[in-house]
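**Q** Chain residues, written in single-letter form:
Protein chains: 2
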Amino acid sequence: MPGKRVRPTVFFLAARSAGNGNSPLVTAGLAIEIIHTATLIHDDIIDGHTIRRGMPTIFSTWGNNVATIMGDFLYSKAFAILGEEGLFEIMRLLSKVTHLMSVGEMLQYQQRMNINVSEDGYLDIINKKTASLFSAACECGACLAENGNGHRRIYSGFGENIGLAFQITDDLFDFLAIEEVIGKPTASDFCDGKVTLPFITAFRNAPEEAKRRVKDLFSNGFETNENWDEVVHFVQNYGGIEYSLEKVKGFGERAKGCLKDVDPSPERDALHLAVDYIVDRVAPFSQ
Amino acid sequence: MPGKRVRPTVFFLAARSAGNGNSPLVTAGLAIEIIHTATLIHDDIIDGHTIRRGMPTIFSTWGNNVATIMGDFLYSKAFAILGEEGLFEIMRLLSKVTHLMSVGEMLQYQQRMNINVSEDGYLDIINKKTASLFSAACECGACLAENGNGHRRIYSGFGENIGLAFQITDDLFDFLAIEEVIGKPTASDFCDGKVTLPFITAFRNAPEEAKRRVKDLFSNGFETNENWDEVVHFVQNYGGIEYSLEKVKGFGERAKGCLKDVDPSPERDALHLAVDYIVDRVAPFSQ
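As they're listed, the protein sequences go chains A and B. For the first sequence, the working numbering assigns the number 1 to the initial residue and increments by one for each residue that follows. For the second sequence, the working numbering assigns the number 1 to the initial residue and increments by one for each residue that follows.
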């Protein structure tokens, strides 16, 4: 299963929608996807995940050492190609955001095994870890446009909102979809001791007794599918799915709202469609 | 045991010797040392080393996951602070070299357990892995100098040569020094299946029988100090030490030669002293 390449897609659309058709776009779009790939390779070391996009991870095939080097190789390649083309403002934006992503990764690691993560704490982590690169991708697009500088904040805002929507749908999949659809095992975040919005919401709503039971499963781990089903039912019973879906829709609308003053163009329409794609990809599984 | 901070030292001296006294120097010198530190943290994951500078490594104290994130945090921080100060040419140089270092790391990993690495193969690896950052550090120094652009190749050549001298002395220490002096266990490279110049030389010179014996130790590993002593004696008996010391001196002289047309200044003198420091630090142990 190949990557969805959603970050470079929104980057290109943002660039074109802001009026750009130049060749540095390819380099910048490439750098963005390379950085994303590097983070995945290192993430898989951190989480010890063996499957990604339906395939064995670098870490599980070649070991920690190769995966560490490979991630560094890709990170540095992204910046090297930007430097070669003299795309310094893109370099500046992407170095800032790469750093922010590592801070998000660290915060997430710090919050592992903490069942009491708040919604704000969760949003802060996914903002740094995921939405920041979407935001930078869109801002880079506007930044490379001939007259795009005035639009930079519009597009960074758009990117941040679709990034948040994207990550929440990703987290929703854990409680909705089957492994084949998303290319990685469900339940993995929970097994890793990470709580996400659907669970956080249900845990906030649930009565004490039900909370005690999932707390026990969370702290002591679980082995069987039966236990995971119990957690899924807990999240479904106490409103975790509906609330998260509402949040996804809300961020999607905010994203579209960011573009309201942008001149109409086929690319602006496509950015709207990108929002719909992100919001709707979770819909078939949420019935 | 703190780091020796030799890279930022030669960077500052190169900058001042080329005529620079400005404040971006601090940012650039900081970025160079941060990048070096990030590579050490990731190197320790790759090599599984538990001791560095006489202290437990991040990897051994906090695990792979924290060490992976911490390395990424530092790499990206280095580029983020350069971007903040608009030091784009430094960013360009350092992104290129960070990439080269990851290639060197990969080559070294690929050559693990290969006892037949050639001298050229070894020099290629240490050039990419170590000398490239020394070279870039010195070139950055010249690049930030008011009239330094004409000098860039002089300083990058100087840096490359002291980097090669530095790495060979580092590799020599494995066969000469005691653990307390260098802050990490001796024999570790050989135990990791990595051969370095002193061994490569002795292995080239030794008769078949002696070769067969160390080949056996190399391939099957060894547990006791006695075995390591045998390898050390092998390297000493077949000229590995003398040859490597000659190489160190040669690179040191080449480094000084690079500076021959540079206007005399206290900083140029100090760069000469830096060469002497690198060449001489191995001397007390080589008697």
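Treat each hint with caution, since some may be false.
To be verified - With a straight-line Cα cutoff of 30 Å, these simulated DSSO-like cross-link-like pairs (lysine-lysine) come out:
{"#": "1", "chain 1": "B", "residue 1": "LYS249", "chain 2": "B", "residue 2": "LYS96"}
{"#": "2", "chain 1": "A", "residue 1": "LYS96", "chain 2": "B", "residue 2": "LYS4"}
{"#": "3", "chain 1": "A", "residue 1": "LYS215", "chain 2": "A", "residue 2": "LYS96"}
{"#": "4", "chain 1": "A", "residue 1": "LYS249", "chain 2": "A", "residue 2": "LYS260"}
{"#": "5", "chain 1": "B", "residue 1": "LYS4", "chain 2": "B", "residue 2": "LYS249"}
{"#": "6", "chain 1": "B", "residue 1": "LYS260", "chain 2": "B", "residue 2": "LYS249"}
{"#": "7", "chain 1": "B", "residue 1": "LYS96", "chain 2": "A", "residue 2": "LYS4"}
{"#": "8", "chain 1": "B", "residue 1": "LYS4", "chain 2": "B", "residue 2": "LYS215"}
{"#": "9", "chain 1": "B", "residue 1": "LYS96", "chain 2": "A", "residue 2": "LYS96"}
Keep in mind that the hints were calculated from the coordinates and are not lab data.
**Q** List in ascending order the numbers of the hints, as given earlier, that are violated by the structure.
**A** Result: hints 3, 8 break, sorted rising.
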